[in-house]
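Sequence lines, in order, name chains A and B.
Heads up: the first sequence at position 126 corresponds to 126 in the numbering used here, and the numbers run straight through without jumps.
Heads up: the second sequence at position 119 corresponds to 119 in the numbering used here, and the numbers run straight through without jumps.
Rather than coming from a laboratory, the hints here were simulated on the basis of the structure.
Take these hints with a grain of salt, some might be off.
[Said to hold, decoys possible] Okay, derived cross-link-like pairs now, EDC-like style, lysine to aspartate or glutamate, Cα gap no bigger than 20 Å in a straight line:
1) A:Lys-178 x A:Glu-160
2) A:Lys-244 x B:Asp-248
3) A:Lys-244 x B:Asp-202
4) A:Lys-244 x B:Asp-217
5) A:Lys-178 x B:Glu-268
6) A:Lys-236 x B:Asp-202
7) A:Lys-178 x B:Asp-267
8) A:Lys-236 x B:Asp-217
9) A:Lys-70 x A:Asp-182
10) B:Lys-310 x B:Asp-10
11) A:Lys-244 x B:Asp-10
12) A:Lys-244 x B:Glu-268
13) A:Lys-66 x A:Asp-91
14) A:Lys-244 x B:Asp-244
15) A:Lys-59 x A:Glu-71
16) A:Lys-236 x B:Asp-267
17) A:Lys-236 x B:Glu-268
18) A:Lys-244 x B:Glu-241
19) B:Lys-310 x B:Glu-324
20) A:Lys-236 x B:Glu-201
21) A:Lys-2 x A:Glu-15
22) A:Lys-12 x A:Asp-221
23) A:Lys-244 x B:Glu-324
24) A:Lys-102 x A:Glu-114
25) B:Lys-205 x A:Asp-245
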Amino acid sequence: MKAVDDITFSLKEGETLGIVGESGCGKTTTCHALFNLLPPGGQLMGGSIHFDGTEITAKSQKEMQKIRGKEMAMILQDPMASLDPLFSIFDQVGEPAYHHRKLRRNSLKTQVEELLGMVRIPSPSIRMKEFPHQMSGGMRQRIVGAMALAGGPKLIVADEPTTNLDVTIQLQYLELLKELQDQTGVALIFVTHNLGIVAKMCNQIAVMYAGKIVEQGTTRDIFNQPQHPYTDALLKSIPVLGNKDPLYVIPGQPPNLAEPPDGCLFHPRCPKADQRCRVEHPPEVVLQNAQSSVCWMTHKEEQHA
Amino acid sequence: MPEPVLEVIDLKKHFPVRSSFLGMGSVSQWVRAVDGISFSVGAGETLGVVGESGCGKTTTAKLILAQESATSGEIRFQGQDVTRLKGRDLMEYRRSVQAVFQDPFSSLSPRMRVGDIISEPLEIHTDLSRYNIRTRVGEVLELVGLQPEQASLFPHEFSGGQRQRIAIARALATEAKLIILDEPVSALDVSIRAHILTLLEDLQKQLGVSYVFIGHDLAAVAHISHRIAVMYLGEIVETAESLDLCNDPQHPYTQVLFAASLPSHPDEDKTVLNLSGEVPSAINPPTGCSFHPRCESAMPQCSTFEPTQKTLSVGHMAACHLHEER
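This is chain B alone, in the form it adopts within the complex:
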């Protein structure tokens, strides 16, 4: 495995729920948005993160981007603990970790020209001259398949796919080592999706940048990722190589998630595993394994003991009591 760029160790983020009027009262409960997750991302590697809404994917992204401070746990970036960074070091960290969001219509300011949008991070993080900034903007625009002359246009003059290219160009401008992609293709058409996924793959090969790719379209995540982490209620229930996970999912939740994905052909034979109910509240997560109320193979011990991560084969981990007897 390549040297990890990012290592997350037992990361937790709990949000307080305040009882009385206007949230001024005492803390009565905690939302366990992220509850003890660990993973790592190697150089030039893509880690996919999948799960239903409310499972903590986006909170994880915010924690990595240092937009939220962790309740406990460590985020190590190139060996340094990010949760304790301050001032200049934090700025330097933010230069090397960038993000691309789902909706390219709201993530680009409509009042700024594309050139200004892309040069903003350069002005903040580097002391390049104006001329050099302009050259760099031209370079990254070419990298993502746009023309350097288009820097003088406004975002509304571009289509959805082109705007997502601009957002990617902005993320690349400061020579980021790691880019957090939060549902970058969910808002796009199928054919544009293929454009952006292929572009991201090409850029990774060229620049050796690492990605954390968050998504709920399993086929797209599986296509671009080297490894995938499956999240459920703030916990990672299974981690494996992308193809390994698709062909041989071990955790009952992963199995259900894959069974719920749509067929790619009308004749495709899908085992129907029905998942009843919706994701429980993260305020009072079920005791024991948090998936047990919806799990078809739940056993008595599932409601009392929390399962631990077990390595099933090389690089394949799952947290489920089913694998205990082995």
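Next comes chain A alone, as it looks inside the complex:
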């Protein structure tokens, strides 16, 4: 089964990329592949991942351990799943700094205090002796943020980081991440199905469908002129505040990736599909504004232009 099939994207320092798509489209598998953490049985079948100038697909797990937590870090959806209830906040936030930066005793303590201060935990020197269950949901997620920063990473991958948070806490958290990014120049990858988060946070978007990137471009271009019918449908299916017009409903369901349909993977649900879409997989078409779309419609328009 091809969970993720032939995807290409790149990200510069200080940039934010949003990977958008429905569950099962391969977003999380993509992230795990970046970290060389595919589940047992999963395999990279080809392709390359260049991180900070070096190829990392060929590295052994031991070499990867030196990169994970130091150069690249991850923030997961459920903070309680990334925090160990048996260890204090100090132990957990300090761990990457202890292993990767060899900080000890007082310098480790000051470092942890500083990190907790950065994510706005009040009175860090006291709170760091406490345990995860003593924190509220928003604070736990901020602590996970501090853990991600502790190694001094160049890339943070955030996989649905605010799904469990309230709207007000979500906004605080997103603002905080933006601020930390301005301070440290870290690159961010946001994996989400919430288009609002993407609209707020990201410069670049990659829309995934059934294991492939179907459209890529700057956030503004994609929201203003979506090229791929799937992106268009996705944008029309979200409710907008103060607008009660009926929502667009994408018919059908995502394909079973063990038996993908012929031609374009989206054709069974696409309102614009024609004969060609049913048999032949469309090529990637790159427009002038560097927006790219994998669709026969875009292909046709480009040829007429």
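Start from chain A and add chain B according to the hints.
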């Protein structure tokens, strides 16, 4: 306004906090989970309830479902006071008020076939024959867009969106008049959300059922609701028509809540109103207006006097001292 199906009058629910070991000690404090709320839901109407976690949304839902008994206040369903119902009348009430929960993975028993899940309320509440029950199960499955033959499958054979359809079918089976929807789309993907919201709207038009829609995704709540009640620390701070509330929120908390919702477009201009801090504890709520410690327009009287509900325009009520001078 249509004849109310459900009317809630000054409803309160306080939970005791016991001091000593294993909760055996004397009551030292009370959590005021719901503290004097009033609202009504008309026939075929949807009331949206929004607020942060811990504001009492779910306790309100439980009170309406008669899963918790109220500390004081009244819940009137079609003119009858629910808080005093017992025995047969209570059963009849539970038949007409059903619920759909957030997580369709835990609200459907994995050991039961879909047909059995949907027929359970029918077996309890009606004396239909087996044949008629089976027909009814087929009917409601078709109503929610599934096939009657799928009744013999187990929940794990369905996707998240389909499971939520099954939960809705179960709620509809006994011809409920009112359905409490507690975050029914929060666990679902965007495109599936659109499916379920549209389905709920269609079912309401067809069957005239009323909804209480609890959620924290403001855009989704505003889309489906006719009216919205905004809750903060066990109290309703503002009630208004859905569009009225979106375009012209009056209470500072509502304004902050709407400002905190995510943009629908990268160019959207959002006034940044920052809400500092988190929701205070409901054990010792602040004196006066419970929102005053976080409120940007707090005045001296806000910390001493509790504001009362004032009608600002037709159907638009808010509880804030700012509107007093008018």
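- Query: What hint numbers does the structure not satisfy?
  - Reply: 11, 21, 23
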